[in-house]
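Model the placement of chain B on the given structure of chain A, informed by the hints.
Sequences listed follow chains A and B, in order. With the first letter of the first sequence counted as 1, position 67 gets the number 67 in our numbering; the numbers rise by one all the way through. For our numbering, count along the second sequence from 1 and bump the result up by 225.
Honestly, the hints are just simulated from the structure, not real lab data. For glycine and all other residues, C-beta sits at the position ideal for the given N, C-alpha and C. The reader is advised that the hints may include incorrect statements.
Okay, the calculated beta carbon distance ranges per label pair [said to hold, decoys possible]:
#, chain 1, residue 1, chain 2, residue 2, range
1, A, G80, B, G237, 30 to 38 Å
2, B, F255, A, G119, 39 to 47 Å
3, A, V140, B, K227, 47 to 55 Å
4, B, G264, A, R116, 29 to 37 Å
5, A, V223, B, I246, 49 to 57 Å
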Amino acid sequence: MSLRCAVITFPGSNCDRDMAVALEAVSGTPAIRVWHGDATLPERLDFIALPGGFSYGDYLRCGAIASRSPVMRAVIEAAGRGVPVLGVCNGFQVLTESGLLPGALMRNAAQNFICRTVGLKVENSQSIFTGGYAQGQEIVIPVAHHDGNYFADDATLDRLEGEGRVAFRYTSPVNGSQRDIAGILNDAGNVLGMMPHPERAMEDAHGSADGRALFANAIESLVNA
Amino acid sequence: MKVHVHVSLKPGVLDPQGRAIHHALEGLGFIGVNDVRAGRLIELDVADDTSDAALDDMCRKLLANMVIENYRIEKVAA
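The following block holds chain A by itself, in its conformation from the complex (with noise of 0.2 Å):
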């Protein structure tokens, strides 16, 4: 049986093309591409991508107009029923709008747009995104932000970090993000939204190819559920 991945599309947004090539490239199957204005997803999904861009041109906040966007009721239903959800970049600033995910996401504390590869800590090795790397494992991923800069109160920092979903940090500070949060997870452990682009670290022509694991894992796991 073949998995069934969704990326959805906002307008603005930019990197869903990569991010389903992506995930065609661990799952041997097309991604199915789902625009934003369809009240509906399509039946029997196994996984959910919301990817980078700009959705809606950051118009209000970053991912604000996206999160109140007719799909997005439909992935909020499907992240409930235990439907794996991945936000990169915009896509997690649409989860944290949404809901989906505490916090917000600030512009940058240097208010510089930060286009580079950075180093990441995986502080989590046991969701169904990040078992495919070593507990403490340092990894390389680009960065392309201007507001990625991580916001929520003390205690939501202390239970996020209390309950080990803090799935990646930098590091060393990039954005002024709290604790140096680089992606973090929901309490069920199936929505993961991080900053930095997995879906652009898949060979080692981008420079490195340690995203690959992020998507191979939750691939495998999926076909093995």
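Chain B only, in chain A's frame:
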């Protein structure tokens, strides 16, 4: 009915934009500027019978992000 919604960052939340504006003001030679916080003004034109509760709901569901922002609703005389 004209309504102004003032959205501002909560106290204690770092405001990189305000800091950059502050820096630029100082660069222009303005002295005595202690702090700058940047917010957003959203102007609504709504039906006259729109309830306060509905306006509040609009702010909480979309216009402000309650994790980092506060809002203030101001009804403006036409």
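Hint check:
1. Under the hint 30 to 38 Å, the C-beta atoms of A/G80 and B/G237, about 32 Å apart, fit the expected range.
2. Separated by about 40 Å at the C-beta atoms, B/F255 and A/G119 satisfy the suggested range of 39 to 47 Å.
3. Between A/V140 and B/K227 the Cβ separation comes to about 52 Å, which falls inside the hinted range of 47 to 55 Å.
4. For the hinted restraint 29 to 37 Å between B/G264 and A/R116, the CB-CB distance of approximately 31 Å keeps it satisfied.
5. The hinted range of 49 to 57 Å is satisfied by A/V223 and B/I246, whose Cβ atoms lie roughly 52 Å apart.
The structure fails none of the hints (numbered hints given earlier).
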